[in-house]
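Work out the full structure, taking the sequences as your base and the hints as a guide.
From first to last, the protein sequence lines stand for chains A and B.
First residue of the first sequence? That's 1 in our numbering, and the numbers climb one at a time after it.
First residue of the second sequence? That's 1 in our numbering, and the numbers climb one at a time after it.
Please keep in mind that the hints were generated in silico from the structure rather than gathered at the bench.
We put the CB at the ideal spot given by N, CA and C, even for glycine.
Just so you know, not all the hints are guaranteed correct.
Claimed, not checked - With a cut-off of at most 30 angstroms between alpha-carbon atoms, the simulated DSBU-like pairs for lysine-lysine come out as follows:
no., chain 1, residue 1, chain 2, residue 2
1, B, 103, A, 20
2, B, 116, B, 12
3, A, 7, B, 60
4, A, 21, B, 103
5, B, 60, A, 20
6, A, 21, B, 60
Claimed, not checked - Calculated Cβ distances over 12 angstroms to all of chain B for the following chain A residues:
no., residue
7, 28
8, 42
9, 43
10, 51
11, 65
12, 88
13, 103
14, 124
15, 134
16, 182
17, 200
18, 220
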Amino acid sequence: MIIGEWKPIPELVEMLRGHKKILLVGCATCVAECAAGGEREVETLAPLLRIALETDGNPIEIQTQTLERQCEWEFVEALDAQVPTVDAVLSIACGIGVQALAERFAETPVYPGLNTTALAMREEAGLWTSRCAACGDCVLGVTFGLCPVARCAKSLFNGPCGGTRKDGKCEVDENTDCIWCKIYERAKARGAIDALLQIRKAKNWGNSRHGGPKRILREDLRP
Amino acid sequence: MKSQPESPQTFKPEIVLLVCQGALAQGADLETAARRVTSFKALPVVLPCTSKIDISYLIKLIEQGADAIVIVGCPAGACSFLIGTDRAQKRVTRARALLELVKMNPERIWLDRGAKLPAEQILALAEARAQAVRPLGSNPMKREKVS
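Following this line, the structure appears as structure tokens:
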């Protein structure tokens, strides 16, 4: 899932100051799973912002909506009648949802309420950790199902940096596993350490963030 | 409409009481007892468990003008759902932190614990909170009465 966190309240207040009527829109998919942008968070953030702005001398009307997904036009169009009645929209979806609203409602300011953080999974209740960097050339088949691009603090692709702690944690963060240590342990458990010594072809980084905007085109699915 | 400033002596805080049914003595009539209180306005709601309380409910109650919210859950180890009040405690901690972010005094949200308390004792907990919030004055978000 895509994870994110609320922007700091003072930053949101600054964005909204001067507006009289806004629409706060959540997304019931990824960011609801990470407790940042679902209906509960919409219904928590809206009264918080009303308090912050009213006590700041800028009372505001905040309407609320939570779409099933903000990244699909079919769901976004449900706001067609409401958005023209407000001064601005605050979206607490990921950056994709914010851009979808901004594109469909180009006449209305659309502000991001979240900082989109990563592609992640829920490791345990209340803890989400990064698992994928969407680098466009997946190597999980040769790294024993553990991603060094997303899970190494330095995104090292060809082995550990030498800063692994004695307990197998990362030198950058004592709460984070050294993923190369984990890759080694998994290879060892499978009796396949030799596989780590094989020379691999250079990875195609042109598909990652450095390679410009991505698009996938499937003629068979187009109208 | 904003309320006029009141002196701590005359100010009757509106206290929303969210009470676990396990914290309330069997047969206790909290609503009737609450109506007899004169030094503050008690608005009781009895819940199957305090873990039913969501953070959004607490923030919304403050936004709608409650002067304080008192949650009364079961003592540690006495919760019928094992960790219900512990969950509520964590949510209260988070809600208090959120209130601080919008410069609202977090003392307006409070959690107490007790088992099978008579209505008068529950109201005594609310009275203690009323005393604590009187110096803060009326909730600046107060418009109409909380219902």
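- Numbers of unmet hints, in rising order: 8, 9, 10
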